[in-house]
Amino acid sequence: MKAGFALIMVLFSSAVPAFADTGSRVDPDWPQIIAYATHQTDYSGTFVYQHGSHMETARITHMSDQSGEHEKLENLDGPRREFIRNNKEIWWYLGDHKAVQMERPYSGKRFPALLPEQLSALNENYLIQTAEQARIAGFDTQAIVFQPKDTLRYSHKMWAHKDSGLLLKAVVLNERKQMVEQYTFIQLEIDGDIEPTQLMPRQSAAFLEQPSHSVTQSDTSAQADMSDWKVVAVPTGFKKIMEMRRPLHGNKTAVIHFVFSDGLAGISVFIETLGNHFDKKPGLSSRGAVHVYRKIKDDYLVTVVGEVPPRTVMQVADSVRYKGQ
Amino acid sequence: MKQKISALMDGELFDDDAEAVLDQLNHNPDIHEEWRTYHLISDVLRQPNHVHVNISSAIRERLQVEPTVLAPRSRASHNAKWFALSAAASVMAFILVAWLSVQVGSEATPQIAMQQSNAVHAASLPANGLDDYLMAHQEFSPGVGVHGMTSYVHTVAHQQADKQP
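Residue numbers (the numbering used here), protein chains in the order written: chain A, -1 to 323; chain B, 689 to 853.
Check the hints yourself; a few may be wrong.
Covered stretches of chain A (chain B as the covering partner; in silico rule of three or more C-beta atoms under 8 Å from a C-beta of chain B) [said to hold, decoys possible]:
| # | stretch |
| --- | --- |
| 1 | 188 to 199 |
| 2 | 253 to 259 |
Computed Cβ-Cβ distance ranges for the label pairs, DEER-style [unchecked claim]:
| # | chain 1 | residue 1 | chain 2 | residue 2 | range |
| --- | --- | --- | --- | --- | --- |
| 3 | B | Arg750 | A | Pro77 | 34 to 42 Å |
| 4 | A | Leu125 | B | Gln752 | 44 to 52 Å |
| 5 | B | Glu700 | A | Arg309 | 38 to 46 Å |
| 6 | A | Leu272 | B | Glu700 | 51 to 59 Å |
| 7 | A | Asp63 | B | His720 | 29 to 37 Å |
| 8 | B | Phe702 | A | Asp75 | 42 to 50 Å |
| 9 | B | Gly699 | A | Leu125 | 29 to 37 Å |
| 10 | A | Ser65 | B | Gln691 | 43 to 51 Å |
| 11 | A | Glu241 | B | Met689 | 48 to 56 Å |
| 12 | B | Val753 | A | Ser118 | 53 to 61 Å |
| 13 | B | Val753 | A | Ala129 | 49 to 57 Å |
| 14 | A | Glu241 | B | Gly699 | 57 to 65 Å |
| 15 | B | Glu700 | A | Arg319 | 54 to 62 Å |
| 16 | A | Gln131 | B | Asp718 | 32 to 40 Å |
No wet-lab data here; the hints were simulated from the structure.
What you are looking at is a predicted structure, and each value in this text was computed from that prediction instead of being measured.
Cβ atoms here follow ideal geometry from the backbone N, Cα and C, with glycine treated the same way.
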């Protein structure tokens, strides 16, 4: 695996001088290399996640073998929480409640790497350039900047490990170049020996498994037809990559879920009957680069989630239309 | 203990308190680790571009290189070491405060101000009010392809934020 990367890197570094006049033009493979490395490299490290004045540290351990990907994410501050992923299955351990919740993706679709169509979307929506080289957590990295072509999305700067392509730092910046959020590894081991036990939950909590509801017709009968809904003002460059009905954890009824992507940022639109959601107050909330905007539209609750600026989620939520409205 | 370490870093402890904390630092590896972590965090905040991992051992190494000719191996050198660290911590604390005030200052613009008011709003949501949506979103978000599971930190971190007044 590593040899593959080394080869790519050698090709990359030997190709660049030949096109020296192109200056900071990014190697088009960088986003792909990063995406690939994230999923194929074995690593274990501690990173700091920062948004606004909040700061959290978390530990991540990732291993990839014949049986697929195994991963553990664990916060180091506050009440203990762990995410454990085995391929598509995600287990969510809430230490405080001594409970285990299970989240199982409802379709086989994931993003093991950036798909070719997403790569071309990336190039259409962002100006991708290589920036400085820097040393992060003891590793040499190459910075790559994704500059959006409008203000409806954030710009991203990422620092990738030169040898493996692993992302060691990522910053999301708003249009005034202020940091919205960032995460940085402060300690990292790449390709070290990872014991399978490191990927086990730390606590043997009293198991409370909550398997996902399967969507049945009766669940959805009260729901409006998916095709009756349209999102008319998605920013240019965002394409619908998925539409589905899904049960949301604990919800008895299914929700309609649309996902739009511009290659780097995603926008989800959830539509559900208002029912007993009166307690869920509408409005905007933000956590780092992720913004959530909820809006009541007639008898429905519309929730828009995305790694985009507040006005983008609001614009999208305001543009949700039912039938010919 | 954490508060004491923090106070020590800020140079806010009285001499005898500081002595006691330093003594514990020297004898308890856990506390020493904590001390190092605090420095690392300050370091990250201060200069995210250049994180110096394990700063205290770097300083110790430097100090060991310093010739200590005939001076008795005693508290003198220890004090010098801790004084240096303590001074560094004060500088960090100052920069941290400056950094935070810059953050606060930037919130005056309408858009951010709106975010702020709504952050308060988010606090009134039940802890799990939005996590379901975030999880569902992250399942398909292209960010997962690029960042892998680190993008789930939103969900891990958020509940913290939710609970804060």
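Tested hints:
no., hint, result
1, 188 to 199, "violated (count 0)"
2, 253 to 259, "holds (count 3)"
3, B:Arg750 <-> A:Pro77: 34 to 42 Å, "holds, 39 Å"
4, A:Leu125 <-> B:Gln752: 44 to 52 Å, "holds, 49 Å"
5, B:Glu700 <-> A:Arg309: 38 to 46 Å, "holds, 43 Å"
6, A:Leu272 <-> B:Glu700: 51 to 59 Å, "holds, 53 Å"
7, A:Asp63 <-> B:His720: 29 to 37 Å, "holds, 36 Å"
8, B:Phe702 <-> A:Asp75: 42 to 50 Å, "violated, 29 Å"
9, B:Gly699 <-> A:Leu125: 29 to 37 Å, "violated, 46 Å"
10, A:Ser65 <-> B:Gln691: 43 to 51 Å, "holds, 46 Å"
11, A:Glu241 <-> B:Met689: 48 to 56 Å, "holds, 53 Å"
12, B:Val753 <-> A:Ser118: 53 to 61 Å, "holds, 55 Å"
13, B:Val753 <-> A:Ala129: 49 to 57 Å, "violated, 35 Å"
14, A:Glu241 <-> B:Gly699: 57 to 65 Å, "holds, 58 Å"
15, B:Glu700 <-> A:Arg319: 54 to 62 Å, "holds, 59 Å"
16, A:Gln131 <-> B:Asp718: 32 to 40 Å, "holds, 37 Å"
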